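Chemist: These are the residues of each chain, in order.
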Amino acid sequence: MPRVELSGVSKAFVTREREVQALQPTDLGVEPHEFVALVGPSGCGKSTILNLIAGLLQPSSGVVRYDGAAVQSVNRAVGYMTQKDTLLPWRTAADNIRVALELKCRAGSRNDAESRVAQIIDLVGLGGFEKHYPAELSGGMRKRVALARTLIYEPETLLMDEPFGALDAQLKLLMLDQLQALTRQRRMTVLFVTHDLGEAITLADRVVVFSARPGRIRTIRAIDLPRPRDVFSIRFTEAFAHLHESLWDELKDEVARGTDV
Amino acid sequence: MSGVRPQAAGAGLARSQLPQPNLASLLSTSLGRSLARLLLALMLLALWQYQPSDKLRFWMSGPVQIVGRLWTWLLDGSLWGNVGSTLLAMSLGYTIGTGIGVALGLLFGLMPRLHRVLSPYITALYAMPKIALAPLFVIVLGIGIESKVALVAITVFFLVLNSTLDGVRNVDRDLVRALSLMGATRSEVIRKVLIPATLPWIFTGMRIAVRYAFTNTLLAELIASNSGIGFMIEYYSGVFDATGTYAAILVLVIMSVGLTELLTTIEAKMSHG
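Residue numbers (the numbering used here), protein chains in the order written: chain A, 1 to 261; chain B, 1001 to 1273.
There may be inaccurate statements among the hints.
As the list claims (entries may be wrong) - Every beta carbon over 12 Å from chain A, so not counted as near; a handful from chain B, in silico:
| hint | residue |
| --- | --- |
| 1 | L1045 |
| 2 | P1063 |
| 3 | Y1121 |
| 4 | V1251 |
Unchecked claim - Calculated lysine-lysine pairs in the DSS-like style (CA-CA distance at most 30 Å, straight line):
| hint | chain 1 | residue 1 | chain 2 | residue 2 |
| --- | --- | --- | --- | --- |
| 5 | B | K1269 | A | K104 |
| 6 | A | K131 | B | K1192 |
| 7 | B | K1055 | A | K84 |
| 8 | B | K1055 | A | K131 |
Simulated from the structure, these hints should not be mistaken for lab results.
Just so you know, these numbers come straight off a predicted model, no measurement behind them.
A virtual CB, placed ideally from N, CA and C, is assigned to each residue, including glycine.
Isolated chain B (complex conformation):
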């Protein structure tokens, strides 16, 4: 028995010296980082849930109440209706803005004199924050989806128009000449040189425009609308319902993360293909 003791004491000493390097090495593994994040989140949520003041409860709500509200929305269908409304307005506006932006960008690129006449107006409208037009769209188009689509479309339009124009302007004129000398018609030059050379620029504009489209859909909904996630945030904060407001913001966070992930995936695929 006595022969065992020194060993046990030695092991105990080694263990007491190790904890600090152990924690650092634990945090440098991905599992360790996930555990630490989870722990942090649980601590904050517990603090939020079990804070003692009833006054604060009114302004801050609590995680259990918020999740409960989300569950209610899921069951009564109002969540999908509003998420769908936001996504529909965003994608419609995005598609319209991109389509017109690319078409006019190519047209102005092919007719530089027309572009030169119009360019001061385009520059002025491009520089103006488009959100200032939102109240105008509400007057003209109402608080339905149309005013949201209009705001998103005009924002996306200017972004895509400008990147398309940059693309057309940067086409190597020598390539155009080379094809013309081979006997290419104007439309063949457009299809075989102008459009392929401009495509990367168009994609860049489209990529940037996705985030603007999302933000501006939300802003339009916050200003005046009758559906959408932005509408929910605005509505529940208007009636001092903290639980509803936080629940809607949580949905928004999930949508933003989803959109960012989607964009990252698409970009990764495009840069590899």
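Here chain A stands alone, though its shape is the one from the complex:
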């Protein structure tokens, strides 16, 4: 049984008495422990899909299933790292990262909370900034706090909406490496929305290319590069270049169409 399954799912938004079709009826299944990257031009409904899986939106038609059950309210099995970092401004970086461990549903993990926070701060390279408030951190650092906050409670499924868009190239590679290691080690299911085709090929088992608005799936490509992948050098291999070229062929028309809108 797929972990996440979209059957005939579409979504339309009503703005100023005009209906805008964000997502055309779409079918997509994501298996347990699979890493799926969603790429496509802006406004193609990628973020809408994550919101539907998280249960923050309800589809206009069709049904979203998680572990076989229809998602009807906030889906607590997923960890969602949104495009906007939703850090609590009155808490320090460390306190923000800890917040998930303070909740009743994870009461058991309170004892080792401190060591886990210290460990994950080290992992995302935030050492020395534990006591800083979000307003005192750069955009990239806030992203890392948000990532640490999501990873620390090890959700079964990870939804990520352009998590590394604000990072510089070197740091992005480091973070991709960490993300790959963590999600493999903890056998997480990941849906990863990105603009960056290279990022998608580096990490994913499958890459889903979306068409410009109204969004629909244009093509799905399995990435058969061997694992574990070296995020620093894989982009220089021939297999990577082939995949990148053929997927870029699919994507570039859509990006061109997307920018007209």
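With chain A's structure known, arrange chain B on it following the hints.
Modeler: Frame of chain A; chain B shown alone:
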């Protein structure tokens, strides 16, 4: 001897040119300003004390008489009784108004449909000058402390209610969603997001409400009561006792300055912490 003279003349000339810049520079130091203020006050007090007309004395009293009256009140205990009465009514009303304001503000924030039903009434009552209710409270609750507390409480209540509601309405919904996705229960979302995000708004309302509470305690006492500083002012002016009236007003000035200083200190501490 003759060699000394030109020097002395030169020094005298320099001194006579200096006085004006000297006065200006004296006033720009804090000691100089304090001295000037003191001098001004002493001049006005002397003018007040030694004005020649006996008719004016009846309406204006005099500083010596006023201080004498204050001394009498201090000795017979009536000063502390009335200051205490005003402060007690104010703080009771303030506490009750704040408590109910915060509680209902959070409740309406959590139940927007209830708030939407009630909002026309709240707006109407908020817009109305609460002092108009004072005579009503006197009829219902008498001229004791209860009517004062009621007036202060209702004034403070609406101020705090509205700032709390503004606070709840301005909570970032994305923060609420983020916590819900992590598995937070409703009460955890309230404790970890809603209340901390609303606190600055509540404090703003509470800060503004202090001054309103003080003014309205006084107004309630002026309208009808049997104790308090406002009662003293009203009582002594009612019996044409200028000395008593001025003495009570002086107490009020001291209390206002004290309250303002206290608020400034607290605000400074809060903005630094």
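Chemist: If we take the beta carbon of B/P1063, is the closest beta carbon in chain A still more than 12 Å away?
Modeler: holds, 52 Å
Chemist: B/K1055 and A/K84 were given as a pair; does the straight-line alpha-carbon distance stay at or below 30 Å?
Modeler: violated, 76 Å
Chemist: Please verify whether B/K1269 and A/K104 have alpha carbons no more than 30 Å apart.
Modeler: Violated, at about 34 Å.
Chemist: Does the claim that B/L1045 lies outside the interface with chain A hold up, using a Cβ gap greater than 12 Å?
Modeler: B/L1045 clear of chain A: closest Cβ-Cβ about 51 Å, beyond 12 Å.
Chemist: Beyond 12 Å on every Cβ pair: is that true for B/Y1121 relative to chain A?
Modeler: For B/Y1121, whose nearest Cβ neighbour in chain A is about 32 Å away, the distance exceeds 12 Å, so it holds.
Chemist: For B/K1055 and A/K131, compute the direct alpha-carbon distance and say whether it is at most 30 Å.
Modeler: Violated: B/K1055 and A/K131 sit about 71 Å apart, past 30 Å.
Chemist: Would you check the hint for A/K131 and B/K1192, treating anything up to 30 Å between C-alpha atoms as holding?
Modeler: holds, 18 Å
Chemist: Would you check whether the claim that B/V1251 is not at the interface survives, using Cβ distances to chain A and the 12 Å cut-off?
Modeler: holds, 41 Å
Hints 5, 7 and 8 from the list above are not met by this structure, while the remaining hints are.
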